[in-house]
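*Asks:* The lines below spell out each chain.
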Amino acid sequence: MDALIAQLQRQFRDYTISLYQQGFLDDQFTELKKLQDDGSPDFVAEVLTLFFEDCVKLISNMARALDKTTGAVDFSQVGASVHQLKGSSSSVGAKRVKALCVSFKEYCEAKNYEGCVRCLQQVDIEYKALKTKLQDMFNLEKQIIQAGGIVPQVDIN
Amino acid sequence: MEVCNCIEPQWPADELLMKYQYISDFFIAIAYFSIPLELIYFVKKSAVFPYRWVLVQFGAFIVLCGATHLINLWTFTTHSRTVALVMTTAKVLTAVVSCATALMLVHIIPDLLSVKTRELFLKNKAAELDREMGLIRTQEETGRHVRMLTHEIRSTLDRHTILKTTLVELGRTLALEECALWMPTRTGLELQLSYTLRHQHPVEYTVPIQLPVINQVFGTSRAVKISPNSPVARLRPVSGKYMLGEVVAVRVPLLHLSNFQINDWPELSTKRYALMVLMLPSDSARQWHVHELELVEVVADQVAVALSHAAILEESMRARDLLMEQNVALDLARREAETAIRARNDFLAVMNHEMRTPMHAIIALSSLLQETELTPEQRLMVETILKSSNLLATLMNDVLDLSRLEDGSLQLELGTFNLHTLFREVLNLIKPIAVVKKLPITLNLAPDLPEFVVGDEKRLMQIILNIVGNAVKFSKQGSISVTALVTKSDTRAADFFVVPTGSHFYLRVKVKDSGAGINPQDIPKIFTKFAQTQSLATRSSGGSGLGLAISKRFVNLMEGNIWIESDGLGKGCTAIFDVKLGISERSNESKQSGIPKVPAIPRHSNFTGLKVLVMDENGVSRLVTKGLLVHLGCEVTMVSSNEECLRVVSHEHKVVFMDVCMPGVENYQIALRIHEKFTKQRHQRPLLVALSGNTDKSTKEKCMSFGLDGVLLKPVSLDNMRDVLSDLLEPRVLYEGM
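Chains A and B, in that order, are what the protein sequence lines are. Counting with full-length UniProt numbering, you get residues 1 to 157 for the letters of the first sequence. Counting with full-length UniProt numbering, you get residues 1 to 738 for the letters of the second sequence.
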């Protein structure tokens with residue numbers, strides 16, 4: 001049993017490090033993990049769930065705002081949503097999403113329609129990818145716990 | 001001749017006489033028999049008859065008398081002895097009964113008579129009561145009329161309605177032909193016919209007030225009967241009616257507001273009366289009854305009261321209108337004043353900028369010019385230009401400062417600075433001039449003078465510079481000494497008590513010079529702006545006299561006091577001022593303890609129970625911030641909008657974190673509003689920390705200007721948050737975060 005636990009832990013550690021190295025996550029995520037303790041055992045999961053819900057909502061807002069068929073494009077509305085998304089993503093440590101938001105915002109301010117549409121698509125792809133990756137990470141965590149082990153603290157330096 | 005037992009009648013049988021006797025006796029008998037029958041019949045009919053047995057007796061008497069007379073019929077002719085016997089018996093019985101009856105009647109008849117008198121008495125009484133009741137009824141009716149009249153009169157507060165109603169109601173109640181009211185004119189010398197009931201009167205119909213009949217009426221409070229021919233009663237053309245109705249006049253006191261007292265009836269000292277004249281219908285032969293006169297008097301009094309109520313109401317309405325007008329005028333004046341102040345401030349701000357720019361150009365270029373090659377004449381000219389422009393610049397600054405100080409828009413800029421260094425700097429600035437004038441300056445700093453203090457460094461320097469500068473300016477020889485110490489006891493001014501609080505102290509600076517001195521009489525004038533004493537020394541020194549005024553105002557802003565002591569002209573003077581400064585614990589501790597500052601100062605590492613408020617529109621970052629704070633043990637309340645934040649924030653929250661990432665200044669406004677909210681309360685306001693996406697200089701400046709205590713860069717790390725909270729919660733006056 002211990003061997004399984006050790007293997008799982010190793011897998012978890014590698015996976016997590018890869019996420020950081022690939023730029024999906026940044027230090028803020030580490031900070032988030034620090035906040036999870038006995039008082040709030042599911043803190044990270046809560047925050048991430050809220051974040052992904054937010055993503056869905058904001059992305060659909062932006063899609064609606066960028067929809068030319070309903071009239072002129074309201075770049076200020078798009079900008080507002082992007083701002084929100086940037087804030088959220090920076091709070092959870094979603095590095096790639098945040099970076100995309102930054103360039104998205106620039107396109108918005110420049111009122112570059114094509115740029116905005118492109119960014120929107122990319123944001124959509126990115127957050128879904130992040131979601132999948134995090135889901136895998138959580139699954140690994142669950143497996144470790146089910147196997148009776150504890151989730152290791154991963155130190156990113 | 002047979003001897004018969006017959007009795008012969010006494011008289012000879014005279015036929016005619018006997019016949020008449022016979023018939024009379026017969027009728028008497030019938031009458032005597034019928035009387036009791038009648039009596040019985042009528043007594044039976046009547047319910048009341050007290051003496052029934054008397055009746056019986058009387059009946060018996062009558063019957064016997066009747067029987068006697070009946071039997072007498074037989075005695076006219078020859079009759080037997082039996083008849084005579086019966087006759088005698090009857091007579092005897094009759095006699096007995098008659099005597100008994102006679103005797104009894106002696107008792108009875110007085111009774112019966114008294115009954116009669118009683119009956120008469122009762123009848124009189126009844127008549128009297130009837131009369132009285134009639135009187136009472138009339139009185140009650142009068143009372144009712146009065147009440148109704150009063151009610152009518154008092155139900156309105158309009159003067160004209162009151163008077164008109166009075167006349168109408170009186171006319172109706174008393175069935176008057178005419179009713180008129182004469183009011184005194186403005187001059188008081190005439191009575192003018194103001195209201196009549198029926199007849200239209202010519203306008204401006206007046207009678208002089210000094211008529212004897214009028215005086216008579218005014219002299220008494222009762223209704224007075226006057227002649228129908230008197231001028232006040234002659235209202236309509238006499239149209240042949242030969243019998244004018246009686247006229248009554250009564251005075252109506254016109255109470256002035258000032259003598260209407262509640263407790264006692266007002267003395268009628270104003271003696272202003274109106275005259276009410278009432279005329280009965282002509283040809284009616286009606287007389288004025290007492291109760292009618294009383295009614296009239298009562299009504300006159302009520303009218304007086306009603307009129308004064310109306311007058312009071314008019315007064316108060318007028319006063320209210322006046323107040324409203326004044327209010328409007330004041331409001332307008334205030335707005336104008338505000339506009340004027342705003343205009344002046346705008347003007348000053350603009351002029352300040354506009355004036356300073358050329359000024360700086362002049363000064364700068366003149367200075368540069370000084371550096372170049374110049375002939376001595378040119379150098380002199382340039383120096384003069386420079387000196388003049390410096391003076392002008394100083395003047396402009398002074399004026400601007402003063403005007404800002406005056407309308408209270410100046411606020412101290414608090415900061416931590418080194419007090420010792422400040423004094424030394426001031427001295428360094430003054431030293432060149434002092435050396436030129438050969439005036440040694442000495443500086444004495446008390447040993448307990450704190451080194452690091454909190455206050456407005458620039459302005460304090462301005463004050464010290466000004467005072468020391470004055471000392472140098474006005475001294476031709478001698479020396480100048482500057483002493484700085486911490487003061488705890490009462491200062492010279494009696495109304496100014498120095499109470500050193502925990503983190504504050506009062507700095508006292510004494511600048512003594514041995515110069516011209518000041519006349520004690522001039523001392524109060526010194527601090528007024530633009531005032532200068534007339535001595536030669538001052539006139540040659542230049543300056544606009546604003547310096548001390550400004551210094552005084554700054555000192556006052558710092559909750560201090562400034563004054564000058566002098567022993568007289570030529571004996572020098574000492575300028576002393578106290579200001580309140582805060583003690584900065586940083587470095588003072590280290591100075592006292594002698595060890596360098598180390599992070600060994602105990603920091604809070606957990607903030608259990610610390611109540612904080614987090615305001616962030618973004619749900620995710622809100623949650624993250626909350627998690628951060630909860631991890632540190634705080635009790636977190638979350639709000640998602642400015643309004644909610646204002647609503648929820650209370651003195652229980654020690655720190656408020658607000659997200660200011662959104663562009664614009666709306667989020668910063670919330671800081672101001674929180675400041676506002678808490679300056680009104682006694683409680684300490686929570687510390688305000690901004691969570692921002694960047695912490696460049698402009699953001700920091702913005703935060704400072706809006707009264708925030710610190711700024712954090714988002715996303716916040718746990719260590720950062722811990723550090724920030726520790727710093728905030730240490731007892732420090734100023735915080736610089738992140």
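In short, the hints are calculated from the structure, not lab data. For each residue, glycine too, the CB sits at the ideal point set by N, CA and C. Any given hint could turn out to be false.
Residues from chain A that face chain B, not an exhaustive set, calculated with beta carbons under 7 Å [as the list claims (entries may be wrong)]: (1) Q28; (2) E31; (3) V47; (4) S88; (5) V102; (6) E106; (7) K133; (8) Q135; (9) N139; (10) Q153.
The following residues of chain B were derived to be distant from chain A, with all beta-carbon distances above 10 Å [unchecked claim]: (11) S24; (12) P208; (13) H360; (14) R424; (15) K437; (16) N618.
Under 8 Å between C-beta atoms, here's a sample of chain B residues computed to sit facing chain A [as the list claims (entries may be wrong)]: (17) A361; (18) I362; (19) S621; (20) V624; (21) L628; (22) V630; (23) H631; (24) F706; (25) K714; (26) P715; (27) S717.
*Asks:* Each hint needs a verdict: does it hold in this structure or not?
*Replies:* Verification of the supplied hints:
1. Q28: Q28 of chain A check passes; min Cβ-Cβ to chain B is 5 Å, inside 7 Å.
2. E31: Result: holds, 5 Å to nearest chain B Cβ.
3. V47: holds, 5 Å
4. S88: holds, 4 Å
5. V102: violated, 11 Å
6. E106: violated, 14 Å
7. K133: violated, 18 Å
8. Q135: With a closest approach of 18 Å, the Q135 of chain A hint is violated.
9. N139: violated, 22 Å
10. Q153: violated, 14 Å
11. S24: holds, 148 Å
12. P208: Given that every Cβ of chain A is farther than 10 Å from that of P208 of chain B, nearest at about 90 Å, it holds.
13. H360: At about 37 Å from chain A, H360 of chain B clears the 10 Å cut-off, so the statement holds.
14. R424: It holds; R424 of chain B is separated from chain A by about 47 Å at its closest Cβ, greater than 10 Å.
15. K437: holds, 63 Å
16. N618: Non-interface label fails for N618 of chain B: nearest chain A Cβ at 4 Å, not farther than 10 Å.
17. A361: Where the cut-off is 8 Å and the nearest Cβ of chain A is about 39 Å from A361 of chain B, the hint is violated.
18. I362: Violated, because the Cβ-Cβ distance from I362 of chain B to chain A comes to roughly 44 Å (cut-off 8 Å).
19. S621: With Cβ-Cβ at 4 Å, under 8 Å, it holds.
20. V624: Result: holds, 4 Å to nearest chain A Cβ.
21. L628: holds, 6 Å
22. V630: This interface hint holds because 6 Å falls under the 8 Å limit.
23. H631: H631 of chain B check passes; min Cβ-Cβ to chain A is 5 Å, inside 8 Å.
24. F706: violated, 20 Å
25. K714: Holds, because the Cβ-Cβ distance from K714 of chain B to chain A comes to roughly 6 Å (cut-off 8 Å).
26. P715: holds, 5 Å
27. S717: Given a least distance of 5 Å, the restraint on S717 of chain B holds.
Hint compliance for this structure: hints 5, 6, 7, 8, 9, 10, 16, 17, 18, 24 are broken, all remaining hints hold.
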